[in-house]
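> What follows is the residue order along each chain.
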Amino acid sequence: SQTIHQWPATLVQPVGSPLSLECTVEGTSNPNLYWYRQAAGRGLQLLFYSVGIGQISSEVPQNLSASRPQDRQFILSSKKLLLSDSGFYLCAQKGPTNEKLFFGSGTQLSVL
Amino acid sequence: RKEVEQDPGPFNVPEGATVAFNCTYSNSASQSFFWYRQDCRKEPKLLMSVYSSGNEDGRFTAQLNRASQYISLLIRDSKLSDSATYLCVVTRTGYALNFGKGTSLLVTP
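Protein chains in written order, with the working numbering: chain A, 1 to 112; chain B, 1001 to 1109.
Hints in this document: simulated from the structure, not taken from any laboratory.
Mixed in with the good hints, there may be bad ones.
Pairs of lysine-lysine residues, derived as DSBU-like cross-links and limited to a Cα-Cα distance of at most 30 Å, are as follows [as the list claims (entries may be wrong)]:
{"#": "1", "chain 1": "A", "residue 1": "K79", "chain 2": "B", "residue 2": "K1042"}
{"#": "2", "chain 1": "B", "residue 1": "K1079", "chain 2": "A", "residue 2": "K79"}
{"#": "3", "chain 1": "A", "residue 1": "K80", "chain 2": "B", "residue 2": "K1101"}
{"#": "4", "chain 1": "A", "residue 1": "K80", "chain 2": "B", "residue 2": "K1042"}
{"#": "5", "chain 1": "B", "residue 1": "K1101", "chain 2": "B", "residue 2": "K1079"}
{"#": "6", "chain 1": "B", "residue 1": "K1042", "chain 2": "B", "residue 2": "K1079"}
{"#": "7", "chain 1": "A", "residue 1": "K100", "chain 2": "B", "residue 2": "K1101"}
{"#": "8", "chain 1": "B", "residue 1": "K1045", "chain 2": "B", "residue 2": "K1002"}
{"#": "9", "chain 1": "B", "residue 1": "K1045", "chain 2": "B", "residue 2": "K1101"}
{"#": "10", "chain 1": "B", "residue 1": "K1045", "chain 2": "A", "residue 2": "K100"}
{"#": "11", "chain 1": "B", "residue 1": "K1042", "chain 2": "B", "residue 2": "K1101"}
{"#": "12", "chain 1": "B", "residue 1": "K1002", "chain 2": "B", "residue 2": "K1101"}
{"#": "13", "chain 1": "B", "residue 1": "K1079", "chain 2": "A", "residue 2": "K100"}
{"#": "14", "chain 1": "B", "residue 1": "K1002", "chain 2": "A", "residue 2": "K100"}
Isolated chain B (complex conformation) (with noise of 0.2 Å):
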């Protein structure tokens, strides 16, 4: 079993939906939690933590699960730029960090 997986969509929406992404780890001992954007041929870049309480940015909400080793990201009212792939993140201190392979969400209008 991958360490950390993540449906790859593509996930096609229309400006203004709301969509959610899911993402499920495998260790247990994981103790931190991302979720990274990486558009195309460039690098990936933080969007926000996940905490244990839940935690939101704007239009993103993010929620960890740690019963079912499952994180989620929320985005509401999608807009074009949202167009990415989005990388779950899964930690603990002292080790490398494990990447999702990503979910691609491409917005239209």
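With the rest of the complex left out, here is chain A (with noise of 0.2 Å):
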């Protein structure tokens, strides 16, 4: 079973602060990872992905990055956090041979 742990819950930053947010994946070796967002009242917005340790993909420029420490590790950070950055994160993951996404439980980020 594909179990993603996903903390903190909920955020609350102020402009220009820094973000880092962690996920971590057990059941799945070698899993493909997500980090989305949804802003309030739009959909889910695919940020980044990672196929292997180092190997990240971003698929929206912007103030937001990721890293792949190890296999089951994905990390979220900003330098500088944006009025616009506020929204609801969530990891995912895919097994290999699985086009299903699970998703953590997420973490609400309001940034005021």
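Put the complex together from the two separate chains, hints included.
Laid out in structure tokens, this is it:
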């Protein structure tokens, strides 16, 4: 089975502050990992995906970055948050032979 | 044209009613199709896959029309607990999943 740990559940940060959201997964080796954002009233937007350690693909240019230091760890970061970075951030995992996505419980980020 | 389009709703239906959601997709090369359910402030969860021949899971029936690039989800005998947002998802091998914005359903007593 696939288990995705994502924290924190809720985060309130001032504009200009840094961000680090961590996601760790269990149950599958070499998983494809994803970071999505869901802004209020909008659909899920793919931010980054990773097919392996150190391999990051960015879907949307912005002030966010991602890193994959270990096989089962995926980190979303920002050096300086913007108001527009507010949203619901979701980490997701897809097995190498499985088209389905499974999501972590998400982090609700409010930038004030 | 957006890759996956859904009627945002909201659909307000009484308990016991039958409700249907539609979804259209633009990429004819799409191969895999899913319906996800998302409760307020929660992560999306896989509801069911959608197969070419149509498939049923209890009160839920999903259908795919490749010629029209159209997917549907039918919910029979609606329960209060069915209230949620239903996301249509389309993908093909080697590509990221494309999510619709979702259709909101509210089942009332």
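> Please go over all the hints and tell whether each is borne out by the structure.
Comparing the hints with the structure gives:
1. A:K79 / B:K1042: holds, 27 Å
2. B:K1079 / A:K79: Answer violated: B:K1079 to A:K79 is near 45 Å, above 30 Å.
3. A:K80 / B:K1101: Holds, at about 28 Å.
4. A:K80 / B:K1042: Given that 30 Å is the threshold and the Cα spacing comes to 26 Å, the pair holds.
5. B:K1101 / B:K1079: Holds. B:K1101 to B:K1079 sits at ~23 Å (cutoff 30 Å).
6. B:K1042 / B:K1079: Given that 30 Å is the threshold and the Cα spacing comes to 19 Å, the pair holds.
7. A:K100 / B:K1101: This hinted pair holds, its Cα atoms lying about 18 Å apart.
8. B:K1045 / B:K1002: Holds - the C-alpha atoms of B:K1002 and B:K1045 are around 22 Å apart, at most 30 Å.
9. B:K1045 / B:K1101: holds, 14 Å
10. B:K1045 / A:K100: holds, 10 Å
11. B:K1042 / B:K1101: holds, 15 Å
12. B:K1002 / B:K1101: Given pair B:K1002, B:K1101 holds - Cα atoms ~10 Å apart, limit 30 Å.
13. B:K1079 / A:K100: Given that 30 Å is the threshold and the Cα spacing comes to 26 Å, the pair holds.
14. B:K1002 / A:K100: holds, 21 Å
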